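Colleague: Using the sequences and the hints, build the whole thing.
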Amino acid sequence: MITPCFSCSQTDASVVVSLYCPSVRAAELETHVDDTLLTVHINPYFLRLNLPGRIVEDENSSADYNPSTGYLTITLTKEVKGEDFKDLDLLAKLLAPPPSKDRLSEPRIEVLSSEVVQDSDDELMEKTQASSLEQQEFLEAAENDWRLPQTVPDTLPPLETSAKRPYGFLNMHSGYFTHVEHTENEVNELGKDAETCPLDERRRKRLRHEDEKWDEEYYMADYAEDEYIQELIAWKHPHASIGDQPLGYSEDEQLMMLRLPRKEYLATETQTYGLYLTLLSLLFSYAYESRTTQRDPTPESAWTICSLTPAFSALDPPPYLPSCSPSEEERSATRFSAPELASTFTASYRRALAFPLYRSWALVEACRSDVSSFLLAGKRTVTRCLLELKHILDHHDVYYVYSKIWVDDFCTWVQAYASDEVMKDLGRCVESLRMEKDMIGWDLKDLEEVVRGATQREPDSDDESVE
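Mapping to UniProt numbering: the sequence shown position 15 is 15, numbers consecutive.
Just to be clear, a hint being listed does not mean it is correct.
Simulated restraints on C-beta separations [said to hold, decoys possible]:
#1 S68 / R428: 43 to 53 Å
#2 P339 / T196: 26 to 36 Å
#3 R259 / E201: 33 to 43 Å
Derived lysine-lysine pairs resembling BS3-like cross-links, with alpha carbons at most 27 Å apart [to be verified]:
#4 K213 / K445
#5 K424 / K86
#6 K424 / K236
#7 K213 / K437
#8 K86 / K263
#9 K164 / K192
#10 K424 / K263
#11 K404 / K164
#12 K164 / K205
#13 K192 / K213
#14 K164 / K263
#15 K192 / K205
#16 K236 / K437
#17 K205 / K404
#18 K404 / K263
If you are wondering where the hints come from, they were derived from the structure by calculation, not from laboratory data. Here the structure is a predicted model, which means the values were calculated and not measured. Beta carbons are placed, not taken as given, at the ideal position from N, Cα and C, and that holds for glycine.
Modeller: See below:
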């Protein structure tokens, strides 16, 4: 079955779904409405939408097919007149399956046997007398209400039944790097061990590679001669000033959304926290690429994005601190821990100062400001950023793999499961975050001081007047 191109709109009393179904027989149309679920089948097209509110089929509902244009227009009545159906422009959210109704918040305990054995007093006395000396002491201790020492055993590590280590979105993927040694994947920092390398080893390799690529002279040169970098910093990203006004997606963007995965993501609270942190690193890489090319991608754009994203190059997504959940005090003020946000941006900053063409602290700070603006604008703007990033990766013959294991799922998750409120809260946290140069682990302040000192001394020798 083919998923047709479609769009949704609404009036005060109805929802209108427009489908592009050229060269079909209108007599074969089948529609079914069940609460919020709309199913449309007209050979060879099939569409199932999970709408934000309840709909019904009544005398005001209709279906009209225009053979000259190929558009099928279906009008359905809202069960509650005047209800606002939100996110009708987020096609991936409409296509996502409805959440499971039988999902359990807590595990159930199955009682295998409820048989109760009642012993008489004589039988109990016989069993007590027959017990060992150790048991006698235990009974005496219990009778005297002694406090016996108790310790909680250490949690055993998860049982590994395979040498392969999953990666990607919610660790759902594997097998994409089985033959990586035969491809020209220049950003892969794990080599042929990408399929079997555990997470702690991935992180060590990533940090070691960043230290090896760090070039003090390169950084000093960009700090000394930064005229073009200042132009890049002054450039305003168009998505950074969109705000909350309605955002219309282009036809190409709608087609990309139709091809996204249609999954239900059963992420835990901890996993969801990690996804928001990983989203920061993706948006930072996108912001850097967009700012340095002014949204005119080059053949190097895919390499730049992948090199700046730890989750791509080393399959090492955040969180980077031992605990990824904020404390109770922090949770009362915000959902996100400031140290965790700093560690996430530290990883992105290190890579932006060690790998790409322009290596400037002021530039990476401008990119962080862009990330904050994207998040404050809401999930529609974030979705558009991810779709642009996906478009760049999809058109590369090697790096498209990172779109498959990360970006595709993120595009669906942001539309269907992420919260606008959480994103805006995260945007405010990123905006107020203070990043210090000492966090990076390299002597940035000392290098900048050397450049300033050399700049001040140059006029003494070069510009000295000759009498």
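Colleague: Against each hint, give a clear statement of whether it holds in the structure.
Modeller: These are the hints, each one checked on the structure:
no., hint, verdict
1, S68 / R428: 43 to 53 Å, "holds, 51 Å"
2, P339 / T196: 26 to 36 Å, "holds, 31 Å"
3, R259 / E201: 33 to 43 Å, "holds, 34 Å"
4, K213 / K445, "holds, 19 Å"
5, K424 / K86, "holds, 17 Å"
6, K424 / K236, "holds, 20 Å"
7, K213 / K437, "holds, 18 Å"
8, K86 / K263, "holds, 20 Å"
9, K164 / K192, "holds, 12 Å"
10, K424 / K263, "holds, 25 Å"
11, K404 / K164, "holds, 18 Å"
12, K164 / K205, "holds, 18 Å"
13, K192 / K213, "holds, 20 Å"
14, K164 / K263, "holds, 24 Å"
15, K192 / K205, "holds, 13 Å"
16, K236 / K437, "holds, 24 Å"
17, K205 / K404, "holds, 23 Å"
18, K404 / K263, "holds, 14 Å"
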